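J.: Add 7 to a position in the sequence shown, counting from 1, and you land on the number used in the working numbering.
Simulated from the structure, these hints should not be mistaken for laboratory data.
Values in this document were obtained by computation on a predicted structure and should not be read as measured data.
Accuracy of the hints is not assured; some may be wrong.
To be verified - With a straight-line cut-off of 25 Å between C-alpha atoms, the simulated DSS-like cross-links for lysine-lysine are:
| no. | residue 1 | residue 2 |
| --- | --- | --- |
| 1 | K27 | K110 |
| 2 | K192 | K110 |
| 3 | K130 | K192 |
| 4 | K27 | K192 |
| 5 | K130 | K27 |
| 6 | K110 | K130 |
Claimed, not checked - Beta-carbon label-pair distances, calculated as ranges:
| no. | residue 1 | residue 2 | range |
| --- | --- | --- | --- |
| 7 | Q224 | G147 | 31 to 37 Å |
| 8 | D79 | V220 | 33 to 39 Å |
| 9 | P214 | D145 | 23 to 29 Å |
| 10 | L14 | S162 | 49 to 55 Å |
| 11 | C170 | P214 | 28 to 34 Å |
| 12 | C170 | S241 | 49 to 55 Å |
| 13 | L14 | F181 | 33 to 39 Å |
| 14 | G171 | D79 | 19 to 25 Å |
Each residue gets a CB set at the ideal place from its N, CA and C atoms; glycine is no exception.
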Amino acid sequence: MNIITELAEAQEFVSSLAQKPGGSIVALSGAGISTESGIPDFRSPGGIWSQRAPVQYQDFLDFEESRLEDWDRRFEMLGFFEKAEPNHAHRALSRLSAAGQLKVLITQNVDGLHQRSGVQEDKLIELHGNSTYATCLDCGAIAALEDQEDLVARSISPTCGKCGGLLKAAVISFGQSMPQDELQKAAIAAQNCETFLVLGSSLVVHPAAQLPVIAAQNGADLVILNREETPIDSLAGTVVRTPLSETFAIFPMK
8 MNIITELAEA QEFVSSLAQK PGGSIVALSG AGISTESGIP DFRSPGGIWS
58 QRAPVQYQDF LDFEESRLED WDRRFEMLGF FEKAEPNHAH RALSRLSAAG
108 QLKVLITQNV DGLHQRSGVQ EDKLIELHGN STYATCLDCG AIAALEDQED
158 LVARSISPTC GKCGGLLKAA VISFGQSMPQ DELQKAAIAA QNCETFLVLG
208 SSLVVHPAAQ LPVIAAQNGA DLVILNREET PIDSLAGTVV RTPLSETFAI
258 FPMK
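Input sequences plus hints: build the corresponding full structure.
T.: Now the structure itself:
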């Protein structure tokens, strides 16, 4: 295993990704890529969940108070998301996507920064959903979060204008079923890539943490770019410990 801790060496290494064959790379991104854009972490000590425990999905369904609490948090997070900008690591993935090397980008993030960086929707798998808009829990209709603020300010849970069902931010909450189609697509992508990149994920949250293991077991070159150790570093051919945005700051343009 090659462990890179020097920025210049890390930059040289990631620049070589631009020479990979078309469709050979699958990437998994986690909170570490977005914290470098100024978005607070959820899980780490001192993170958002240590200050405000997440609302469980069943409580959202059952209790108006829980729904209003969840909405209040979504508006708070939307403020962070709107102020943040994609960083060099986001943009490097977008370039790899546009150039054809990146086949699939799997993300645990819910902030929409990959879309804003230019990654094509058909190459993006959002395992934990997206917290920048809402959907109806009954009919699936999409609604803007901002349009619900007046109702929530009056202590009224937003409902769907089409069918009357409950609206909820399109993120996967604790106790809510993971999107099985997305999980299956992600697993298939992991099984069929030549290079699997992990960017900014601690690899402790399942089922996402199993994807790089699947890739390595199927012969992929596993590259882990994360400031801290992960439980599967020993499976990686290369581990990069430098800050993500700085590491990709000189990523070559095609």
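J.: A separate judgement is required for each hint: does it hold in the structure or not?
T.: Right, here's what the structure says about each hint:
1. K27 / K110: Between K27 and K110 the Cα gap is close to 11 Å, so the pair holds against 25 Å.
2. K192 / K110: Judged against 25 Å, a Cα distance of about 12 Å means the pair holds.
3. K130 / K192: OK: K130 and K192 at ~11 Å, within 25 Å.
4. K27 / K192: holds, 22 Å
5. K130 / K27: holds, 17 Å
6. K110 / K130: Distance of about 6 Å is within 25 Å: holds.
7. Q224 / G147: 31 to 37 Å: With a Cβ separation near 35 Å, Q224 and G147 satisfy 31 to 37 Å, so the hint holds.
8. D79 / V220: 33 to 39 Å: holds, 37 Å
9. P214 / D145: 23 to 29 Å: With a Cβ separation near 26 Å, P214 and D145 satisfy 23 to 29 Å, so the hint holds.
10. L14 / S162: 49 to 55 Å: holds, 50 Å
11. C170 / P214: 28 to 34 Å: Since C170 and P214 have Cβ atoms about 31 Å apart, the given range 28 to 34 Å holds.
12. C170 / S241: 49 to 55 Å: Hint holds: Cβ distance 50 Å, inside 49 to 55 Å.
13. L14 / F181: 33 to 39 Å: holds, 37 Å
14. G171 / D79: 19 to 25 Å: holds, 22 Å
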